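Knowing the structure of chain A, use the given hints to seat chain B on it.
Protein sequence lines, in the order shown, are assigned to chains A and B. When we follow my numbering, the leftmost residue of the first sequence carries the number 1, and every step to the right adds one. When we follow my numbering, the leftmost residue of the second sequence carries the number 1001, and every step to the right adds one.
Among these hints, one or two may not hold up.
[Said to hold, decoys possible] The calculated lysine-lysine pairs, modelled on BS3-like cross-linking and capped at a C-alpha distance of 25 Å, are:
1. 1235(B) / 151(A)
2. 290(A) / 1156(B)
3. 1151(B) / 239(A)
4. 128(A) / 151(A)
5. 1290(B) / 174(A)
6. 128(A) / 1174(B)
Simulated from the structure, these hints should not be mistaken for lab results. None of the values given here were measured: they were computed from a predicted structure.
2 protein chains.
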Amino acid sequence: MKHYIGIDIGGMIVKAGIVNEEGKIICKDICQTFPDKHYSVMVKDMYELCVKILSDAGLRFEDISGVGIGCPGTIYAEKGIITFANNLNFHDTPLVDEFKKYWKGDAVYIENDANCAALGEYLFGSGKGSRNCIFITLGTGVGSGFILDGKIFAGKMGAGAEAGHMVIRIDGEKCTCGRRGCWEAYASATALIRDTQKAMAKNPDSLMHKIAAQYGKVNGRVAFDAAKQNDKAAKQVVKRYIKYIGCGVVNLINIFRPDKVLIGGGISNEGDYFIKLIQRYVNRYHYGGKINPRVKVVRASLLNDAGIIGAASLAMNK
Amino acid sequence: MKHYIGIDIGGMIVKAGIVNEEGKIICKDICQTFPDKHYSVMVKDMYELCVKILSDAGLRFEDISGVGIGCPGTIYAEKGIITFANNLNFHDTPLVDEFKKYWKGDAVYIENDANCAALGEYLFGSGKGSRNCIFITLGTGVGSGFILDGKIFAGKMGAGAEAGHMVIRIDGEKCTCGRRGCWEAYASATALIRDTQKAMAKNPDSLMHKIAAQYGKVNGRVAFDAAKQNDKAAKQVVKRYIKYIGCGVVNLINIFRPDKVLIGGGISNEGDYFIKLIQRYVNRYHYGGKINPRVKVVRASLLNDAGIIGAASLAMNK
Chain A
1 MKHYIGIDIG GMIVKAGIVN EEGKIICKDI CQTFPDKHYS VMVKDMYELC
51 VKILSDAGLR FEDISGVGIG CPGTIYAEKG IITFANNLNF HDTPLVDEFK
101 KYWKGDAVYI ENDANCAALG EYLFGSGKGS RNCIFITLGT GVGSGFILDG
151 KIFAGKMGAG AEAGHMVIRI DGEKCTCGRR GCWEAYASAT ALIRDTQKAM
201 AKNPDSLMHK IAAQYGKVNG RVAFDAAKQN DKAAKQVVKR YIKYIGCGVV
251 NLINIFRPDK VLIGGGISNE GDYFIKLIQR YVNRYHYGGK INPRVKVVRA
301 SLLNDAGIIG AASLAMNK
Chain B
1001 MKHYIGIDIG GMIVKAGIVN EEGKIICKDI CQTFPDKHYS VMVKDMYELC
1051 VKILSDAGLR FEDISGVGIG CPGTIYAEKG IITFANNLNF HDTPLVDEFK
1101 KYWKGDAVYI ENDANCAALG EYLFGSGKGS RNCIFITLGT GVGSGFILDG
1151 KIFAGKMGAG AEAGHMVIRI DGEKCTCGRR GCWEAYASAT ALIRDTQKAM
1201 AKNPDSLMHK IAAQYGKVNG RVAFDAAKQN DKAAKQVVKR YIKYIGCGVV
1251 NLINIFRPDK VLIGGGISNE GDYFIKLIQR YVNRYHYGGK INPRVKVVRA
1301 SLLNDAGIIG AASLAMNK
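Next comes chain A alone, as it looks inside the complex (with noise of 0.2 Å):
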């Protein structure tokens, strides 16, 4: 059986993995970044971090086909820049040859994490058997990738796939690109504990308030937590925060009509229950509604391994 590295690059911590052709880790460990210090750095961690990972997996150099590196930003993959990452403090750094001046091989490829993963998922989790599939990511930002006959597309250079920068509200909440009204203003966890401190405010005597206090702070799961008890306000709060991501998978779906969409990241935590109103929202609004194929929506599997498995599958993939 083959196996490949996947490499995961966050803006705390680099995650590393082996991965075998059936998408299963073997192996994993990670190490700390220092986005302060030259890049060049980090790669020599990185590296080390590979060979601690062999070393603990009993395998060589040999035993591995090929490396697949995912970090956050803007990623010109066909020559292995990092254009842009901002809390990397990337910017037309050229990673991939940065790390083959310590590991002699040249199958090593690098992505965009959010396209990672949707690879990932599309190989090994719930995007199994789709021609074409979109994942999302709901977390601090929204994230996308979209894979189209089974092959990631970021469009030129790598700079699209921002589907989180899609305005859905002109005029609307200012979004970090400067746009005002993107996806991302309105459907992603930051913006859903933004309406849930508004509604906070609004109603002292909600539930959410005694759930805050439980976590410790306002966080995206307090509404849905007192939604769940029948909160009046949480339950608007939901609501509005499911017609919102609907309105952005219904967009994209009017737009790709892929198979299915993923989704993923922390709010996708909720499970079933928050997966099951995006759907029902998507089979009223999708366009064409009695006639066009409907799309299914499914949470992704991968979860917390999503990134090692996503980066590894990029270098199965070539």
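Frame of chain A, contents of chain B only:
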């Protein structure tokens, strides 16, 4: 040189033309459509139109390498079926099979007309030289066609590529599709006319009244004409309209990051003045403004021949 036939089905007429492999029309003609009659009547007329143009051009059946058909509505291209076309009374209509009862050749293909036009522009028009391009047609509605990696992308059963039904203002204007706030409800000629009429009602002294009287009606040109003559109310209508078009175009750029966005349809007759306004909006608002590659907005160039050349190019591209 190889020759193809392109057939463009419309609500009132069918156009057919013989197109050479360089995308030039050798000969063309039209016949009427009768949407109230059974589709087999139209298909027989279509075939006879093909026979006529072959005869006019002095070519024989054997000289034609393939036939492409463009039709409005949802087209299941792989099966040669028109799933649904509102104005033409088609519903799961096996048009290709019916046509092959007369036309004794295997190379007969069908696609949505906007997808055909997109392919035609990509091969022979303003889309030449790009890898991914997006075609938008601004007319009664807002149509779209996506060329990704040199091929039409239309999603499952051809039910995608409906960018006109991407919501840009949640809870906004009613759209014909049942949702509220679709791009089509803001960026179509229909929407422009609605907005022009509103502005005229509010501004009895506006030049738009005189210009509309000259046209004998309020059409999509009234506001543009008056704006060029510095009419204040008209300039506001145009400014808003550009913003609506720009909003959807930027959304699509953030999603696809294509090489080019091509604008066609009646409104594109406003020409350079109009295209430049959209380009300026796009340059300002596309995601990652200073880092990501700029996307060129250009006017579609095949104009009235887009339907025939686009349909023919469908057969060429197989």
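Worksheet item: Are there hints from earlier that the structure breaks, and if so, what are their numbers?
Response: Result: hints 1, 3 and 6 break, sorted rising.
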